[in-house]
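Construct the entire structure; sequences and hints are all you get.
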Amino acid sequence: MRTLIFRTVAPYLSSLMVLFSVFVLLRGHNEPGGGFIGGLIAASAFAIYGIACGVSPVRRALFFHPMAIAGSGLMMASIAGLVSILAGVPFMTGLWVYIPIFGEELALSTVLLFDVGVYFVVVGAITSIALALEERATD
Amino acid sequence: MASSEKTPVDLSAAMITEPAALADWLVIAPLVLCMVLGSLLLMVRKDTRLQPFIAIPGLAVLVLLDVGLLVHVIVNGPVTMTMGRWLPPFGISFTVDILGALLCLTAGIAAFAGGLYGAGDVNDSGRRYGFYPFLFLMMAGVSGAFLTGDIFNLYVWFEVLLISSFGLLILGSERGQIDGATKYAFLNLVATTLFLIATGYLYGIFGTLNMADIAQKAPAMTDKAPLVTLVSLYLLAFGMKAAAFPANFWLPASYHTPRVVVSALFAGLLTKVGVYALMRVTLMLFPAERDVLGFVIAIIAAATMIIGAMGALAQTDFRRLLGYLVISGIGIMFAGIALASPSGVAGTIFYAVHSMIVMTALYLASGLAARAAGGFSIASSSGVYSSHVFLAAITLMLFFAVSGLPPFSGFWPKVILVKASLDVGAWWLAGAILLSGFLTTIAVGRVWILSYWRPAMTGGPAQDEAVTLNPLVDYLPLVLLTALVVIVGIFPQQILELSQTGSDQVLNPVDYIRSVFPQGGEQ
Numbered sequence: 001m002r003t004l005i006f007r008t009v010a011p012y013l014s015s016l017m018v019l020f021s022v023f024v025l026l027r028g029h030n031e032p033g034g035g036f037i038g039g040l041i042a043a044s045a046f047a048i049y050g051i052a053c054g055v056s057p058v059r060r061a062l063f064f065h066p067m068a069i070a071g072s073g074l075m076m077a078s079i080a081g082l083v084s085i086l087a088g089v090p091f092m093t094g095l096w097v098y099i100p101i102f103g104e105e106l107a108l109s110t111v112l113l114f115d116v117g118v119y120f121v122v123v124g125a126i127t128s129i130a131l132a133l134e135e136r137a138t139d
Numbered sequence: 001m002a003s004s005e006k007t008p009v010d011l012s013a014a015m016i017t018e019p020a021a022l023a024d025w026l027v028i029a030p031l032v033l034c035m036v037l038g039s040l041l042l043m044v045r046k047d048t049r050l051q052p053f054i055a056i057p058g059l060a061v062l063v064l065l066d067v068g069l070l071v072h073v074i075v076n077g078p079v080t081m082t083m084g085r086w087l088p089p090f091g092i093s094f095t096v097d098i099l100g101a102l103l104c105l106t107a108g109i110a111a112f113a114g115g116l117y118g119a120g121d122v123n124d125s126g127r128r129y130g131f132y133p134f135l136f137l138m139m140a141g142v143s144g145a146f147l148t149g150d151i152f153n154l155y156v157w158f159e160v161l162l163i164s165s166f167g168l169l170i171l172g173s174e175r176g177q178i179d180g181a182t183k184y185a186f187l188n189l190v191a192t193t194l195f196l197i198a199t200g201y202l203y204g205i206f207g208t209l210n211m212a213d214i215a216q217k218a219p220a221m222t223d224k225a226p227l228v229t230l231v232s233l234y235l236l237a238f239g240m241k242a243a244a245f246p247a248n249f250w251l252p253a254s255y256h257t258p259r260v261v262v263s264a265l266f267a268g269l270l271t272k273v274g275v276y277a278l279m280r281v282t283l284m285l286f287p288a289e290r291d292v293l294g295f296v297i298a299i300i301a302a303a304t305m306i307i308g309a310m311g312a313l314a315q316t317d318f319r320r321l322l323g324y325l326v327i328s329g330i331g332i333m334f335a336g337i338a339l340a341s342p343s344g345v346a347g348t349i350f351y352a353v354h355s356m357i358v359m360t361a362l363y364l365a366s367g368l369a370a371r372a373a374g375g376f377s378i379a380s381s382s383g384v385y386s387s388h389v390f391l392a393a394i395t396l397m398l399f400f401a402v403s404g405l406p407p408f409s410g411f412w413p414k415v416i417l418v419k420a421s422l423d424v425g426a427w428w429l430a431g432a433i434l435l436s437g438f439l440t441t442i443a444v445g446r447v448w449i450l451s452y453w454r455p456a457m458t459g460g461p462a463q464d465e466a467v468t469l470n471p472l473v474d475y476l477p478l479v480l481l482t483a484l485v486v487i488v489g490i491f492p493q494q495i496l497e498l499s500q501t502g503s504d505q506v507l508n509p510v511d512y513i514r515s516v517f518p519q520g521g522e523q
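Going line by line, the protein sequences match chains L and W. The numbering used here applies: residue 1 is where the first sequence begins, and numbers increase by one. The numbering used here applies: residue 1 is where the second sequence begins, and numbers increase by one.
One or more of the hints may lead you astray.
[To be verified] Pairwise CB distance ranges (calculated): (1) 103(L) with 14(W): 26 to 34 Å; (2) 229(W) with 133(L): 35 to 43 Å; (3) 36(L) with 10(W): 31 to 39 Å; (4) 23(W) with 104(L): 54 to 62 Å; (5) 313(W) with 36(L): 49 to 57 Å; (6) 97(L) with 219(W): 40 to 48 Å; (7) 203(W) with 98(L): 51 to 59 Å.
[As the list claims (entries may be wrong)] Non-contacting residues of chain W with respect to chain L, defined by C-beta distances greater than 10 Å in every case (computed): (8) 288; (9) 316; (10) 374; (11) 380; (12) 431.
Derived from the structure by calculation, the hints contain no laboratory data. Even glycine gets a Cβ: it sits at the ideal position worked out from N, Cα and C.
This is how it looks when you write it as structure tokens:
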């Protein structure tokens, strides 16, 4: 698969896909989208990059091991649930803060944190599987 | 939704408005702790030296939280926390009664012992493959299954523990392990699918998944819906999970392949989750339908215990033999479910606690004995008694306990169950319990005579140099579990009372329902 065209396009394609995955993640709060589908898009971006340029550049680019990324996502999701202990409400209750920025209100919530956690779990787990499969193929 | 419109909304129609007491967080705490520590350990997976130092204190905290939860439940009756403040049955409730809390605590203790033993038994590559993260995620699944009050959520926790257990099963990626894991995975996936189908069916009938809600609505539905079919599906699904006859073959085929500590945890925890789920569904949710199936369950129970004990007699591998003893124990627990009398269910709860501890301990002991005697084969290993007297003494106690001989923990629940069977005239069930105990005694006696008592063979596996066992990571977990076996055997009163209260709460779930629906009625 290491053709010149693919190798040239893959980095741009991957970065666009990662950007798009973040868009889908944030959009998912009120409209179709969300952490799971966003994570899948990002994972396919890394998979494409891996197919084009080999697995080790992807691992270098990710810096953290994919499973560690998945772990951090799980931790984020758990912490998103734990925040409610401070508010005296049951586990996993959605809590919002509204931060005014440039005259607009930015709504941050534990729900968003949870969704970002899901995003990382999916990115980490799927990328880990994809990279492992690609590694075998290139042997 | 995202913007901060300040229109007043009556939240009390959809949400729980009273604040959650800090003590109620104990309901969810074991689970959250396992998730957080599991994810943390996943992040430091490569740092194999650091992992035990996070994991073992973490498991100790887990045990403390479980103790706290049990005390909370004993003092206040069943407790509920509904996730996200949504009113039940729409929010997912975690409802804990004594049955759940007691089994959760026992599982925590077994996991603590396993984690400690794993510090010596699981080498660096096993840790890099993720022994500790998988252990914590499996404990999250096990605790979640014991604590949840929502049947679909129970399914989710089954999946969590199943997937983590796949990871643990193939920790070394050896040929035999993959072979065992394939059988294990296939049969468990079939069982999980059945569980899911049954749950979908249940949702179609009741329109709710909250267990308290179902328990409320089930009596009115008895004549209107094919509930016996539903309960039969659940019986098949959980029977497969619990390795009851005739779906018991996967257990001896897979439990002897992974690392000793993994076998120990599986034997202690996983099958009991199946038994627990079956108790929840048959005894609490659908008692009337269970009465229809009572005789079938009794036959399954008798067949499982006898086949387990006979299988144990036929084995020459110590670990495979223990696998059959697990099955035999499942049969004994099923006897209480078949009887469904308060004392019978109390016997099942007590036996589940006993079995979790003693089976974990036996597998750990088998690992140490194999190190001392040079293998798991009963025929070729020998001389443990002469080289490791202490280990031999502990194992003998565990052998007595698993056979149900006094004064160890296996004795009391068997007495209760035999008496409960005789009370309803099921002499053959009582006979099966006694016969399986007798056969188990012979089976473990054989191991004792050949592997332990027989003088070390010359010319056998080279055992000239004495194998030294580490007192902290090798002996301490075993001593801890054996101490519990002895203490429960000599002072059974506490556990007995707990089992009886737990059995009352399951058979008559008024408090359970009230804890989910404080108004005592429909939403």
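Results of checking the hints against the structure:
1. 103(L) with 14(W): 26 to 34 Å: holds (32 Å)
2. 229(W) with 133(L): 35 to 43 Å: Cβ of residue 229(W) to Cβ of residue 133(L): about 42 Å, so the range 35 to 43 Å holds.
3. 36(L) with 10(W): 31 to 39 Å: holds (32 Å)
4. 23(W) with 104(L): 54 to 62 Å: violated (41 Å)
5. 313(W) with 36(L): 49 to 57 Å: 51 Å Cβ-Cβ, so the 49 to 57 Å window holds.
6. 97(L) with 219(W): 40 to 48 Å: holds (46 Å)
7. 203(W) with 98(L): 51 to 59 Å: violated (37 Å)
8. 288: holds (33 Å)
9. 316: holds (38 Å)
10. 374: For residue 374(W), whose nearest Cβ neighbour in chain L is about 36 Å away, the distance exceeds 10 Å, so it holds.
11. 380: holds (38 Å)
12. 431: At about 48 Å from chain L, residue 431(W) clears the 10 Å cut-off, so the statement holds.
Hint compliance for this structure: hints 4, 7 are broken, all remaining hints hold.
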